[in-house]
Each structure stands twice: as structure tokens, then as C-alpha cells.
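Protein chains in written order, with the numbering used here: chain A, 1 to 403; chain B, 404 to 624.
Just so you know, the hints here were simulated from the structure itself, not pulled from any lab data.
Heads up, some of the hints might be wrong.
Unchecked claim - Once the Cα atoms are required to be at most 25 Å apart in a straight line, the calculated DMTMM-like pairs of lysine to aspartate or glutamate come out as:
1. Lys168(A) with Glu185(A)
2. Lys486(B) with Glu185(A)
3. Lys16(A) with Glu544(B)
4. Lys486(B) with Glu162(A)
5. Lys168(A) with Asp125(A)
6. Lys16(A) with Asp539(B)
7. Lys486(B) with Asp397(A)
8. Lys217(A) with Glu185(A)
Said to hold, decoys possible - Short derived list, chain A residues pointing at chain B, Cβ under 7 Å:
9. Ala8
10. Gln10
11. Leu300
12. Ala303
13. Ile304
14. Arg392
15. Asp394
16. Pro395
17. Tyr396
From a predicted model like this one, the values you see are computed outputs, not experimental measurements.
Just so you know, even glycine gets a beta-carbon here, dropped at the ideal spot from N, CA and C.
Each chain, letter by letter, is given below.
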Amino acid sequence: MRLLASLALQNLGRRKARSLLLIMAVAVASGVVFTGATLMRSIDSSMAVGFTRLGADMMAVPEGALTNITAALLTVEPTDLVLDRDLFARAGIASVSRAAPQKIARVEHSGIGSHHDSVDLIGFDPTLDFTVQPWLVEKINRDMRPGDVILGAARDAPLGSELLIFGKPHTIYGRLGKTGVGTHERGVFMTFDTLEALAGSVRGHGGRPPAVLQKGKVSGFLVELAPGATPLQARFAILSTLKGVKVVSGDSTMSGIRQGLAALLNGILALMVLMFASTALMVSVLFSAIVTERRGELGLLKAIGARRGQIVGMMVIEAVIATGAGGLLGVALGVLVMRLYERSLVYYLENIGVPFVWLDGPRIVIVAVAAVVMASIIGALGSLYPAWRASRRDPYDLVRGEG
Amino acid sequence: MLTCRSLRKDYVTERGEVAAVAGIDLEIAAGRYAAIIGRSGSGKSSLMAMIGGLSRPSQGQVSVDGTDIWSLSENALAAFRNKRIGYVFQFASLLPTLRLVDNVALPAMLGGARSSAPYARAAALLGQMGLGDHLDAYPSEVSAGEQRRAVIARALINEPALILADEPTSDLDEQTEIEIMDELLAVNRERGTTLILVTHNLALAEQAEQIVHIAHGAIVP
Numbered sequence: 001m002r003l004l005a006s007l008a009l010q011n012l013g014r015r016k017a018r019s020l021l022l023i024m025a026v027a028v029a030s031g032v033v034f035t036g037a038t039l040m041r042s043i044d045s046s047m048a049v050g051f052t053r054l055g056a057d058m059m060a061v062p063e064g065a066l067t068n069i070t071a072a073l074l075t076v077e078p079t080d081l082v083l084d085r086d087l088f089a090r091a092g093i094a095s096v097s098r099a100a101p102q103k104i105a106r107v108e109h110s111g112i113g114s115h116h117d118s119v120d121l122i123g124f125d126p127t128l129d130f131t132v133q134p135w136l137v138e139k140i141n142r143d144m145r146p147g148d149v150i151l152g153a154a155r156d157a158p159l160g161s162e163l164l165i166f167g168k169p170h171t172i173y174g175r176l177g178k179t180g181v182g183t184h185e186r187g188v189f190m191t192f193d194t195l196e197a198l199a200g201s202v203r204g205h206g207g208r209p210p211a212v213l214q215k216g217k218v219s220g221f222l223v224e225l226a227p228g229a230t231p232l233q234a235r236f237a238i239l240s241t242l243k244g245v246k247v248v249s250g251d252s253t254m255s256g257i258r259q260g261l262a263a264l265l266n267g268i269l270a271l272m273v274l275m276f277a278s279t280a281l282m283v284s285v286l287f288s289a290i291v292t293e294r295r296g297e298l299g300l301l302k303a304i305g306a307r308r309g310q311i312v313g314m315m316v317i318e319a320v321i322a323t324g325a326g327g328l329l330g331v332a333l334g335v336l337v338m339r340l341y342e343r344s345l346v347y348y349l350e351n352i353g354v355p356f357v358w359l360d361g362p363r364i365v366i367v368a369v370a371a372v373v374m375a376s377i378i379g380a381l382g383s384l385y386p387a388w389r390a391s392r393r394d395p396y397d398l399v400r401g402e403g
Numbered sequence: 404m405l406t407c408r409s410l411r412k413d414y415v416t417e418r419g420e421v422a423a424v425a426g427i428d429l430e431i432a433a434g435r436y437a438a439i440i441g442r443s444g445s446g447k448s449s450l451m452a453m454i455g456g457l458s459r460p461s462q463g464q465v466s467v468d469g470t471d472i473w474s475l476s477e478n479a480l481a482a483f484r485n486k487r488i489g490y491v492f493q494f495a496s497l498l499p500t501l502r503l504v505d506n507v508a509l510p511a512m513l514g515g516a517r518s519s520a521p522y523a524r525a526a527a528l529l530g531q532m533g534l535g536d537h538l539d540a541y542p543s544e545v546s547a548g549e550q551r552r553a554v555i556a557r558a559l560i561n562e563p564a565l566i567l568a569d570e571p572t573s574d575l576d577e578q579t580e581i582e583i584m585d586e587l588l589a590v591n592r593e594r595g596t597t598l599i600l601v602t603h604n605l606a607l608a609e610q611a612e613q614i615v616h617i618a619h620g621a622i623v624p
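Excised from the complex, chain A in its bound form (with noise of 0.2 Å):
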């Protein structure tokens, strides 16, 4: 292996400018390759927290709820209708891909902010959450947990701090950012069962604790489409399925943009498997012209008593080390690449409020380390066949020039 590693090394070394040529170009595709990944998975992350932050698609709430719908869909209403926990998980809906819900309580005298203030008191299931947590631009490097709460954009104390509602300790886990939308700033956000803990304290109409706090109930959910629904279909589909909830729409025009940016993603994707694709072809073409040009030392090397594997292997060795030598030039000249554009359309996309989510370090390095070793991959099945082609002559047709 050592000999046929050195032979392929300095079979490299022969024709420095070809080698070097080689190189560049598989640098290039592997460099798009790992640059296009990267962000195509970046974007991908970041439009998802960017698109929740614009809230959900329509809201389903109680059907005699009134309803104050904003242009965002990031909380419910207050109100004192409410419906069972489970009603979309219960029925699961096909045009519906995720249904969060939520609890809202609006109080007075509950200790947060001036004496006769109005409180939103808002509970949400971190599981299935997409409106309240995209919106986090600080928290506590842990889990949520029961006890712990989220202050709106407008509201402001130190993270970790005790914050007394009701007169029961609870403790600042986060803080969300400015949304322009009233109730989602101003709102005290907290687990159901945190919420639920404070139905003692709470009184609404008639001196008793609103319905909403009471465990299995909500004051509604807000809904995102399945891939391909049209907000029709899923209207359509809730009203005829759940009982007693009315259907609040928010802008169409995200949800299509959501769904086309999908497609588009995928159309990236299948440009860079053609891409990788074009490069093995021309790395097979290119060996097949060494093979030419080298087949009197191959035969050379048959007749001395080299075997096939060793031919084959030599010819694959070579390519793999100039091809994942490319690969690897590739990925560093994609990082340089992703250096500029972090600096040019991260910037522009945080200016319009779309947050950049670069793909976290372990992934990239995944990515990075796949595509030099798809490059390499490329490089051994591209030599393959001209290698094994030349393996089958004989030595006397080799060392001749008839190979």
C-alpha cells in the first residue's frame, strides 16, 4: 500500500500543472458543494425561525370567541371560552402539520408592573411550541422548567432573577424579542402547568378561576399548514372535523412562500448532485487520457509482476488523493466564501429581522468531512474504469502503445 501510495505521489508530482488543474477543479465543485450545503441548510434553519417569527397560518379558537386578529399570529386571544388540550392531536388533521396550543389568562394584581396593570398570563407547551420560543433572543443555558417564566419585549428584568406573581416565587428564564404585536410583548409567558399551579390566585367572573386554567384546557391553538395545503383545504378540513372551533386565517402569502422555498431548496440540492456527478465524469475522462499516455509504464509495471489490484489500485490511489486534496481546498475555500457572505446577506437579513442561524460547529464539520470524502469517492470511481480496463491488457500490448 505504501509503495502504491509513493507511485501515485509521484505520478502527481510528473505533471504538476495537470495535477495542479485537477485539483482546482474538483476544489470548485466540492467547495460549492460544502458552501451550498452549508447555507442551503443554514437558510433552511433560519427561514423556519424567521417564518414561525411571523406566526402561524390561522388561528382555531372557541366558536363564540371574539376575536382581535393581528397581522402576526403569535398568541391567542383572551377569552373565556376554551376547548379540550388534545382536540387536533385527537383528530389528527392531514393539512395540518403542527397545532400549538396555548392558554391565555389576562389578570390585575398579580404583582407584575404598577398596582391596577392588566397582565397577560400566557401557558404553552414547549413541545409543540413554534410562535413564543423562535422569538427568544436571551436565555438561561438550560431547559425550561416548572417555576420558570418568559417576559415579553416589554418587559425587562434580569435573567435568573425571582419574579413574585401572585406572591409565588417564579424564576426569569428568557426574554423575547420586540414583535410589534401588544399581547405578545407585554405577555408573561410559562408552561401550562405553571400556569395552571396559579388557578388558585386567579379569580375571574363570578369570584371562581378562569376556565382556561383549568388542566385539559386551552384557549385555542394556533395552526401551520401541512407542505402543500392551501389555507382552504385546512379550514376546510378543521371545520368539518372539530366541533365548536372557528377558524381564524392569517397572511396567505406566507405560507406560500414557506412552501416554495422548499421546493427551491431541493432544486439547489438536485444542482449539486448534478454537479458532483459532471465531476466524476471528468475525472473519468481525464484518467482515461493518463492511462494513454502512461499505458507503456503500466505495462512496464505488469510485466515486473504487478498484479491487477496493484495497477488498479495505484491508478484509484492517485486520483484519490488528488481529487480529496481538492476536496479539501474546496471546503476552505467555501469557508472563505461563507466569511463574505456572513458579512454581506447575514447582515441584510438581520437588518429586515430574518435571524441568520449559521448551522451549528459539529455539523459543519459533518458537512465539510463529507464532501471531501464524496470528492474522494468521485476521484475512485471516476479512475475505476480506465484503471481497470488498462489492469486487463496484456503487458506486451501496454509496453507497444496498443492499451
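Let chain A serve as the given structure and place chain B on it in line with the hints.
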């Protein structure tokens, strides 16, 4: 002992099938120096290629010390070429990216030997060929005669039973030709290695113990 039975090589050309070697029977005893002579295109190189396991015959058998070499598997034949046969071609047949010592050690390395032993042997052989000062030189840095001597050293690295030399001096000047032939004959005499020389130079062939004259793919009696 080298034995050829009904050995035939046909080539397909645009004008149809041409017999380069047309059914040759031949025996060469072990340790002998034999010369295969004939005009260009007579089929002597094709015959040597089949004897050396380099070109598969269209028909017939080649047996070296009782082994029918063309019935061996591909890998076994490669190993046979590696261990039992040394080649000296009519062209400069050193790998240009390797030093002389690397080139000479290469067959042993391909055969799976560990690097220290082949390199010691390669250095000794190059020394015997008068190239002890050129171990680290690349082929392009030495003369054509020195390259040919390095090729002879490479042919000897695995101590083969048979050396096949296909017009090894055709591109060399007269003095160098004499030196190279002296080296080959010394190998034949001192090591008892069978030497088969393909040549159209009758003066070289005259020193052989057995002369095989080929014309139109057949042995001329």
C-alpha cells in the same frame, strides 16, 4: 528447461488475421544462452513475449521448468513473472520518477518483500554494474548505457531462472553494446541463469549456445 509447443500468435488487422508466430515448437535447456534471430517483423519479439508471459498465445503452450505458464491464474502469472523472469527491453524501461535504486528494488517490493532487504540487494547489484555512485540518480541523469545496466540489475533483483532480453543494445553505440552484452553473458555464466536474447545482430548471436532463426513466424531449420 523452457519448452514451447505449437505456439501461435494471430493478430487481427484491417486486412484480416495475420499469424505473427505460426506454430513453433522449441526447447531451450536451463542455464543456456540462446539467441532468437530474424529480420524485423519475423515474429521474434512476439515469440519472446509469449515465452515471457507478457502476451497470451492464440494457441499452444509455454512451459518453464515444468510450469505451463499460460494455464496459471492472472495473479499467479504475475507472481511467476515477478519471481522467475527478468526482462531487458529494447527501450529505456525505467520509471522516470524513481531513482535508480528504487527502480531496481521495485520488482522485489511488488513481490511483497520488506523495503530494507530489496534496497540492500538493489544497491549491491547496481554496484556490480558499476553504478554504485548513482544509486540516488534519476534515469534522466545517467547515460543510455548506464540506464540499460540498471535495467539488467532490476532484472536480477529476484534472482530469476530466465532472463529475456529483447534487442537490449539496439539503440546503443558499439562500445556500450559490448559492455552490456558482457554484463548479460556474465550473468548467464556466473549465475547459471538462462539467457534468451532476441536480436537481428548476427555478431551478437554467434556467441550463443543455441540459435533459433525465425522467418515469417516459423523456425527456419
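Now the hints, each set against the structure:
The hinted pair formed by lysine 168(A) and glutamate 185(A) meets the criterion: a straight-line CA distance of about 22 Å does not exceed 25 Å. A threshold of 25 Å between alpha carbons decides the hint, and for lysine 486(B) with glutamate 185(A) the separation of about 85 Å lies outside it, so the pair is violated. Of the pairs offered as hints, the one joining lysine 16(A) and glutamate 544(B) holds, with about 20 Å between alpha carbons and a cut-off of 25 Å not exceeded. Between the alpha carbons of lysine 486(B) and glutamate 162(A) the distance comes to roughly 85 Å, so the proposed pair goes past 25 Å and is violated.
This hinted pair checks out: lysine 168(A) and aspartate 125(A) have alpha carbons roughly 21 Å apart, not beyond 25 Å. For the given pair, lysine 16(A) sits about 22 Å from aspartate 539(B) by alpha-carbon distance, which is consistent with the 25 Å threshold. Our distance criterion of 25 Å between C-alpha atoms is met by lysine 486(B) and aspartate 397(A), whose separation comes to about 21 Å. The suggested pairing of lysine 217(A) with glutamate 185(A) holds, with an alpha-carbon distance near 24 Å, which does not exceed 25 Å.
The interface hint given for alanine 8(A) is broken, as the beta carbon of that residue sits about 10 Å from the closest beta carbon of chain B, more than 7 Å. Hint status for glutamine 10(A): holds, given a least beta-carbon distance of 4 Å to chain B, under 7 Å. Using the Cβ-Cβ criterion of 7 Å, the hint placing leucine 300(A) at the interface with chain B is satisfied: the shortest such distance is roughly 5 Å. A cut of 7 Å between beta carbons decides the hint on alanine 303(A): the least distance to chain B is about 5 Å, and the hint holds.
Hint status for isoleucine 304(A): holds, given a least beta-carbon distance of 4 Å to chain B, under 7 Å. Hint status for arginine 392(A) relative to chain B: violated, with the closest Cβ pair at about 9 Å, above 7 Å. Taking 7 Å as the C-beta contact cut-off toward chain B, the hint placing aspartate 394(A) at the interface holds, the least distance being around 5 Å. At a threshold of 7 Å, the smallest CB-CB gap from proline 395(A) to chain B is about 4 Å, leaving the interface hint in force.
Hint status for tyrosine 396(A) relative to chain B: holds, with the closest Cβ pair at about 4 Å, below 7 Å.
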